[in-house]
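Fit chains B, C and D to the given chain A structure using the hints.
Protein chains: 4
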Amino acid sequence: METKLQQGQQKNLILFIVCHLWEIILLEEVSNISSGPKLFQLYVHKDRSISDNLIDRSRRSGFDAMCLTVDTLVAGNREKDHRTGFTTPPKLTLQSLMSFAMRPGWVFNYLTGKKFELSNVKKKTDKGTNISKSVIEYINEQYDPAMGWKDAEYCAKKWNGPFALKGVMSVEDAKKAIDIGCTAIMVSNHGGRQLDGSRSPFDQIKAISDAVGDKLEIILDGGVRRGTHVLKALAAGAKACSFGKMFLFSLAAGGQEGVEHLLENMRDEINRNMVLMGCKNLKELNSSKLIYRK
Amino acid sequence: METKLQQGQQKNLILFIVCHLWEIILLEEVSNISSGPKLFQLYVHKDRSISDNLIDRSRRSGFDAMCLTVDTLVAGNREKDHRTGFTTPPKLTLQSLMSFAMRPGWVFNYLTGKKFELSNVKKKTDKGTNISKSVIEYINEQYDPAMGWKDAEYCAKKWNGPFALKGVMSVEDAKKAIDIGCTAIMVSNHGGRQLDGSRSPFDQIKAISDAVGDKLEIILDGGVRRGTHVLKALAAGAKACSFGKMFLFSLAAGGQEGVEHLLENMRDEINRNMVLMGCKNLKELNSSKLIYRK
Amino acid sequence: METKLQQGQQKNLILFIVCHLWEIILLEEVSNISSGPKLFQLYVHKDRSISDNLIDRSRRSGFDAMCLTVDTLVAGNREKDHRTGFTTPPKLTLQSLMSFAMRPGWVFNYLTGKKFELSNVKKKTDKGTNISKSVIEYINEQYDPAMGWKDAEYCAKKWNGPFALKGVMSVEDAKKAIDIGCTAIMVSNHGGRQLDGSRSPFDQIKAISDAVGDKLEIILDGGVRRGTHVLKALAAGAKACSFGKMFLFSLAAGGQEGVEHLLENMRDEINRNMVLMGCKNLKELNSSKLIYRK
Amino acid sequence: METKLQQGQQKNLILFIVCHLWEIILLEEVSNISSGPKLFQLYVHKDRSISDNLIDRSRRSGFDAMCLTVDTLVAGNREKDHRTGFTTPPKLTLQSLMSFAMRPGWVFNYLTGKKFELSNVKKKTDKGTNISKSVIEYINEQYDPAMGWKDAEYCAKKWNGPFALKGVMSVEDAKKAIDIGCTAIMVSNHGGRQLDGSRSPFDQIKAISDAVGDKLEIILDGGVRRGTHVLKALAAGAKACSFGKMFLFSLAAGGQEGVEHLLENMRDEINRNMVLMGCKNLKELNSSKLIYRK
Chain A
1 METKLQQGQQ KNLILFIVCH LWEIILLEEV SNISSGPKLF QLYVHKDRSI
51 SDNLIDRSRR SGFDAMCLTV DTLVAGNREK DHRTGFTTPP KLTLQSLMSF
101 AMRPGWVFNY LTGKKFELSN VKKKTDKGTN ISKSVIEYIN EQYDPAMGWK
151 DAEYCAKKWN GPFALKGVMS VEDAKKAIDI GCTAIMVSNH GGRQLDGSRS
201 PFDQIKAISD AVGDKLEIIL DGGVRRGTHV LKALAAGAKA CSFGKMFLFS
251 LAAGGQEGVE HLLENMRDEI NRNMVLMGCK NLKELNSSKL IYRK
Chain B
1 METKLQQGQQ KNLILFIVCH LWEIILLEEV SNISSGPKLF QLYVHKDRSI
51 SDNLIDRSRR SGFDAMCLTV DTLVAGNREK DHRTGFTTPP KLTLQSLMSF
101 AMRPGWVFNY LTGKKFELSN VKKKTDKGTN ISKSVIEYIN EQYDPAMGWK
151 DAEYCAKKWN GPFALKGVMS VEDAKKAIDI GCTAIMVSNH GGRQLDGSRS
201 PFDQIKAISD AVGDKLEIIL DGGVRRGTHV LKALAAGAKA CSFGKMFLFS
251 LAAGGQEGVE HLLENMRDEI NRNMVLMGCK NLKELNSSKL IYRK
Chain C
1 METKLQQGQQ KNLILFIVCH LWEIILLEEV SNISSGPKLF QLYVHKDRSI
51 SDNLIDRSRR SGFDAMCLTV DTLVAGNREK DHRTGFTTPP KLTLQSLMSF
101 AMRPGWVFNY LTGKKFELSN VKKKTDKGTN ISKSVIEYIN EQYDPAMGWK
151 DAEYCAKKWN GPFALKGVMS VEDAKKAIDI GCTAIMVSNH GGRQLDGSRS
201 PFDQIKAISD AVGDKLEIIL DGGVRRGTHV LKALAAGAKA CSFGKMFLFS
251 LAAGGQEGVE HLLENMRDEI NRNMVLMGCK NLKELNSSKL IYRK
Chain D
1 METKLQQGQQ KNLILFIVCH LWEIILLEEV SNISSGPKLF QLYVHKDRSI
51 SDNLIDRSRR SGFDAMCLTV DTLVAGNREK DHRTGFTTPP KLTLQSLMSF
101 AMRPGWVFNY LTGKKFELSN VKKKTDKGTN ISKSVIEYIN EQYDPAMGWK
151 DAEYCAKKWN GPFALKGVMS VEDAKKAIDI GCTAIMVSNH GGRQLDGSRS
201 PFDQIKAISD AVGDKLEIIL DGGVRRGTHV LKALAAGAKA CSFGKMFLFS
251 LAAGGQEGVE HLLENMRDEI NRNMVLMGCK NLKELNSSKL IYRK
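Residue numbers (the working numbering), protein chains in the order written: chain A, 1 to 294; chain B, 1 to 294; chain C, 1 to 294; chain D, 1 to 294.
Bear in mind the hints are in silico, worked out from the structure with no lab data behind them. Be a bit skeptical, because a hint or two may be false.
Remember, identical chains collapse to one label, so a pair may be satisfied in a single copy or spanning two.
Straight-line Cα separation of at most 20 angstroms, SDA-like style, residue types lysine to any residue; simulated pairs [stated by the list, open to error]:
| # | residue 1 | residue 2 |
| --- | --- | --- |
| 1 | Lys46 | Gly278 |
| 2 | Lys280 | Ala75 |
| 3 | Lys280 | Asp196 |
| 4 | Lys158 | Gly181 |
| 5 | Lys206 | Lys294 |
| 6 | Lys239 | Arg267 |
| 7 | Lys245 | Val171 |
| 8 | Lys289 | Asp173 |
| 9 | Lys206 | Tyr292 |
| 10 | Lys206 | His190 |
Okay, chain A solo, but in the shape it has when bound:
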């Protein structure tokens, strides 16, 4: 799966994010297949040696940046998944069998593809590597819900390079991120799947940018489906946007071609709408171009 994402990314020179939970290839293999910028998405484990090991290997494997995820210290209660029986890796239920039967191409890829396992941590723990353990169980057993600012500071110093905190949603936390040595934050509510009633990341961008936009880079994570969404985020003060579901939907629907098509659409929409907004460069794309609904 990530191989195909990569191939799409390769052509468009976008930032490639590797999350240790989702990868089916080793960290060390990524640089062989992607020459673009690479960011490793880290979670703090109860067993700190796992995190240390992942940071060290990321550095040796040529990753450009590190991102520490703080919006998934415990797994959200994804009620929709309870209803559909969705787990990662998938368990077979009557409903999911029906769903698979309707999309034979997906099942074929799953059965013939590489086995899903947490390659990067399987030497360190036997949790989560067994096919019968779901990702949610892994999160709740392995991650450290008591993780605090000290742990984040430890990781930032250990990495000693471009370092983002993912899951920051307030000005207060953005200021603390600067204090512990972060060079960026990803404003994110983890795709809206973690905390019921959390705000949309977009709604927080301007306040955070107004307060600390000159001291660290702000990346909007969540809700981006169109070029205008990117333009709105940049106008509000973000330096970049990241997206997960949009990639995965394109991949599921059209494979590598789907991802490439998505990236071309985004580029076209961004270019066209910059012209239609009358913006000749990113400097002109500032908050004067935004009017908020009252």
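Okay, now just chains B, C and D, sitting in the frame of chain A:
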């Protein structure tokens, strides 16, 4: 019914509220089956000796707190009940017979269970104890719509312990509650069934808490269905939440097991979401965590 | 029709409004069948002697107050009526025949009832009295769209008693109403049928009351269907509410009994909800009881 | 098509706007069939001699005003058109064939009418004149997306008469329009078909009028379907309104008669509602008559 509620409550050490209108057991029997904290929910009767009697017996029976209900001086006009023919106790109509026929388990419990009667007041009045009198008729015949602050003060002094006024919805009334000796208020619109167009209790919590939050305890009553609702209420200034429909729905759907499941869900959601909000304790769960929609 | 309205009104001692356009009885006959307060609703005609005549006859017939309608100088374009073919008096079309066929009781009353004609003006003009002229044509031919403040002042002085202007929607016009001698205004958009995009009368009450509520009486006209609507209007500063469609719907559905039922419902709802709002009298029902949505 | 529009316009003495992209008659022929005021809608071409030529011919042909379009420097991505297969001129697809089959009158006019070609530019370029080139391709090939304020100033000076900029949406750009010699602006988002998420033109009128309403004329373009829309725009500060879809829908549905009917409706609605608003003249129709939803 209340027996089963109790058993669920027992395991979770939550506050058990006994309303004299709904109970089918005597006040005196409650302490035998529940060792947790107990609050008696009182209504002011036209015949004051009924209220006096209930207060005295509550004290003798080991109740911990008293709550005086001021949002049901007259019965609201529950138009949905007119349409469905719902009364307490139920009268049999063609529509309700159909409804019963679809849920045979409910009817069985009703027919084989304890007879519905107002046990705690049957020595004092023959109104409402006859199976053909509905609760609404009882309210309008027995309760005192002219009840005022003097009556509330009388009850508070007579009880002389933790005393809440239920149905307060404004800062002005919250201040009066302090003046007459209340130690708590329940911000409530009686589940939205009494006064058309009344605000949601949640919308009043912050203003009341800002004004008098340091002088009495604020309990949110109404609209609580999830752990995040509790967290929002606490962040806005409430000290606790109470819920009625949520208990009754769980009880109707799953009996004692249903209530236990509900309470476990609430505990899980509260714990999980505290972590996801980055709150380590209740002090950190303050109004800085809330953003109101404009 | 008005006879039945009257009978309902008689029992409830409410103000009886007679509009010369709708009546099928002579002004002079009204006092014979209604002993309650009576208000005559006047429109300014191009032929001023018609207005003069109506004012004189109203005085002689014992009317208590006069109301001059300024929201119907031209007939609104009631597009729904174009579609359904509704006119007053009704013209028979295929669609209206179908509609009549479904409600035989209505047709029976129409065919056996008194003939619809503009009794009060038939000596003065042959327009509108012919059964084939619709009320809309009458409005546009007979009323004076150039009517101005001078005309209103003329009527107020000629009447020289309790005098309301109906159709005032702004503070500015309310002030002018005081200047020309009005003792009341009816804040009205003529049931929303005249001017597309006009505000709801309720939304204007508070501003008008704050500005001139101590100098004239404010009557809310439009949108009243429940007792809580009346309480909201009074809390915002109105002295009374008037309703037309609510009467007509009740009359059409249940005849005299329907109107009586409506009035009893309103009285019950007003009484019950005063208690539930904790208001012991009208003085306590002030704007502190209202919170506007933002 | 434009011939029929003209005939409707002729009777109502409204401004006739000729867009070089849509016309099927030569600029030079317009004055023969319309004696009313005429405005030429210009786009800046990459080949400046095309624009120069159109300006010169407009002047010689008796056009009264020039309007330069700046909201279509690149074609918007009209996704609905992708789905329906709509192009200008139409290409035949299975779906559009079905659509045509349901409306035989439309197809007849198309087949028997004048051939669609860009008459006014066919000597200058062979792009867009070939029946297989769509208008969207023409826009993207011929128009100059790098067009800037210098180009607009050049056109304004070359025309040296009443000159409007179409597509202005901000106070800032309205001020620049004055600086380069414009006498008017058309506040427009090109019917909402160009830039996703752009505001409604109406929402910008008041701010622009407050800032520069005394220095140039403001024309609202977009969203006008009723007389009250025109009255709202004038009250907010516009001097006139223009509409495209409303004309085309009327034309498609009823031909010349449809357009005439539309114009009569608009005149009636404007007159009736001026009376109902209590406005005797345009001066009274100011922003005091508008209340914005909060």
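Going down the list of hints, with the structure as the test:
| no. | hint | verdict |
| --- | --- | --- |
| 1 | Lys46 / Gly278 | between (51 angstroms within a copy, 17 angstroms between copies) |
| 2 | Lys280 / Ala75 | between (43 angstroms within a copy, 17 angstroms between copies) |
| 3 | Lys280 / Asp196 | between (39 angstroms within a copy, 18 angstroms between copies) |
| 4 | Lys158 / Gly181 | within (11 angstroms within a copy, 59 angstroms between copies) |
| 5 | Lys206 / Lys294 | both (15 angstroms within a copy, 16 angstroms between copies) |
| 6 | Lys239 / Arg267 | within (16 angstroms within a copy, 39 angstroms between copies) |
| 7 | Lys245 / Val171 | neither (26 angstroms within a copy, 38 angstroms between copies) |
| 8 | Lys289 / Asp173 | between (27 angstroms within a copy, 12 angstroms between copies) |
| 9 | Lys206 / Tyr292 | both (11 angstroms within a copy, 16 angstroms between copies) |
| 10 | Lys206 / His190 | within (19 angstroms within a copy, 28 angstroms between copies) |
Hint 7 alone, counting from the list given before, is not met by this structure.
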